[in-house]
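Trainee: When you line the sequence shown up against the working numbering, it's residues 165 to 388, in that order.
One should not assume that every hint holds.
Claimed, not checked - When the alpha-carbon atoms are kept at most 25 Å apart in a straight line, the in silico DMTMM-like pairs for lysine to aspartate or glutamate are as follows:
(1) Lys219 to Glu209
(2) Lys253 to Asp187
(3) Lys219 to Glu360
(4) Lys253 to Glu200
(5) Lys253 to Glu204
(6) Lys190 to Glu246
(7) Lys253 to Glu237
(8) Lys190 to Glu329
(9) Lys219 to Glu354
(10) Lys355 to Asp215
(11) Lys253 to Glu227
(12) Lys190 to Glu237
(13) Lys253 to Asp197
(14) Lys219 to Glu302
(15) Lys355 to Asp386
(16) Lys355 to Asp214
(17) Lys219 to Asp311
(18) Lys253 to Asp183
(19) Lys190 to Glu200
(20) Lys190 to Glu204
(21) Lys219 to Glu207
(22) Lys190 to Asp340
(23) Lys219 to Glu324
(24) Lys219 to Asp386
(25) Lys190 to Asp176
(26) Lys253 to Asp334
(27) Lys253 to Asp176
(28) Lys355 to Glu387
(29) Lys253 to Asp198
Simulated from the structure, these hints should not be mistaken for laboratory data.
These numbers were taken from a predicted model, which means no experiment stands behind them.
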Amino acid sequence: MTLHITPPSLLDASGVGADEALDVLKGALHGADDGELFLERTESEALVFDDGRLKSASYDASEGFGLRVVAGETAGYSHANEISGAALKRAADSAALAKSGHAAVVAQGPRATNQKLYDEVDPLAAPAFSDKITLLGEIDAFARARDPRVVQVSASLMGERRAIEILREDGRLLRDVRPLVRLNISVTVEKDGRRETASTGVGGRSGFEAWIAPDRWQGQVDEA
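Using the sequences and the hints, build the whole thing.
Mentor: Dropping the structure here:
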């Protein structure tokens with residue numbers, strides 16, 4: 165059977181061959197009514213610029229999978245936080261216990277709509293890390309130049325890319341990539357010994373380009 169996969173996939177990235185994963189899934193689902201292999205990888209980055217300097221920068225990545233086997237009214241589910249051939253086989257053996265002598269044919273999966281809700285962009289890759297720091301510094305300088313009463317500025321950028329794949333018994337690999345970005349700005353002003361702080365934030369499931377154009381972030385500074 166031909167695998168309907170458009171590389172690169174999470175399986176390719178993990179070093180587990182697509183054919184190997186499909187063989188494991190077929191073995192687990194033999195005699196079952198339904199089931200699938202679900203894979204996910206999330207990468208996130210956060211930068212915080214406070215009081216004229218980069219205060220913190222963090223990066224996090226996590227991945228894992230879940231394997232589901234449905235036999236009658238019984239469902240077996242096994243998962244792991246690493247994607248490897250050995251982990252897949254252990255999960256398949258565990259989830260397959262749900263069959264317990266049950267004999268059936270795996271149901272046909274849902275029809276794909278091919279509807280793309282988000283672009284497959286990577287907010288962690290663009291703009292470059294150094295450009296993000298420069299942008300935060302520009303936001304800080306712009307806010308302070310806007311009003312002499314400004315005594316503190318905090319600006320942060322957050323980017324996330326989540327890739328999800330579902331492998332079906334018929335060889336179909338359904339893929340969804342979800343980007344998420346956010347720009348937060350906080351400005352504190354002081355007059356006659358009294359301080360007030362206001363914050364604003366924008367973002368969405370897209371790349372940074374829509375939110376970091378000068379007219380866009382300058383408007384956010386004015387709003388704060």
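Trainee: Hint by hint, note whether the structure agrees.
Mentor: Here is how each hint holds up against the structure:
1. Lys219 to Glu209: Judged against 25 Å, a Cα distance of about 14 Å means the pair holds.
2. Lys253 to Asp187: holds, 10 Å
3. Lys219 to Glu360: This hinted pair holds, its Cα atoms lying about 22 Å apart.
4. Lys253 to Glu200: Holds. Lys253 to Glu200 sits at ~14 Å (cutoff 25 Å).
5. Lys253 to Glu204: Answer holds: Lys253 to Glu204 is near 17 Å, not above 25 Å.
6. Lys190 to Glu246: holds, 20 Å
7. Lys253 to Glu237: Answer holds: Lys253 to Glu237 is near 23 Å, not above 25 Å.
8. Lys190 to Glu329: holds, 17 Å
9. Lys219 to Glu354: Answer holds: Lys219 to Glu354 is near 22 Å, not above 25 Å.
10. Lys355 to Asp215: With a Cα-Cα distance of about 18 Å, the restraint between Lys355 and Asp215 holds, given a limit of 25 Å.
11. Lys253 to Glu227: Distance ~17 Å between Lys253 and Glu227 Cα, so the pair holds.
12. Lys190 to Glu237: Given pair Lys190, Glu237 holds - Cα atoms ~20 Å apart, limit 25 Å.
13. Lys253 to Asp197: holds, 20 Å
14. Lys219 to Glu302: OK: Lys219 and Glu302 at ~15 Å, within 25 Å.
15. Lys355 to Asp386: Measuring from Cα to Cα gives roughly 18 Å; hence the hint holds.
16. Lys355 to Asp214: Holds - the C-alpha atoms of Asp214 and Lys355 are around 20 Å apart, at most 25 Å.
17. Lys219 to Asp311: Answer holds: Lys219 to Asp311 is near 23 Å, not above 25 Å.
18. Lys253 to Asp183: With Cα atoms ~13 Å apart, Lys253 and Asp183 stay inside 25 Å; holds.
19. Lys190 to Glu200: holds, 9 Å
20. Lys190 to Glu204: holds, 20 Å
21. Lys219 to Glu207: holds, 21 Å
22. Lys190 to Asp340: holds, 23 Å
23. Lys219 to Glu324: holds, 20 Å
24. Lys219 to Asp386: Cα-Cα ~23 Å, so holds.
25. Lys190 to Asp176: Roughly 19 Å separates the two Cα atoms, so the pair holds.
26. Lys253 to Asp334: holds, 18 Å
27. Lys253 to Asp176: holds, 17 Å
28. Lys355 to Glu387: holds, 18 Å
29. Lys253 to Asp198: holds, 18 Å
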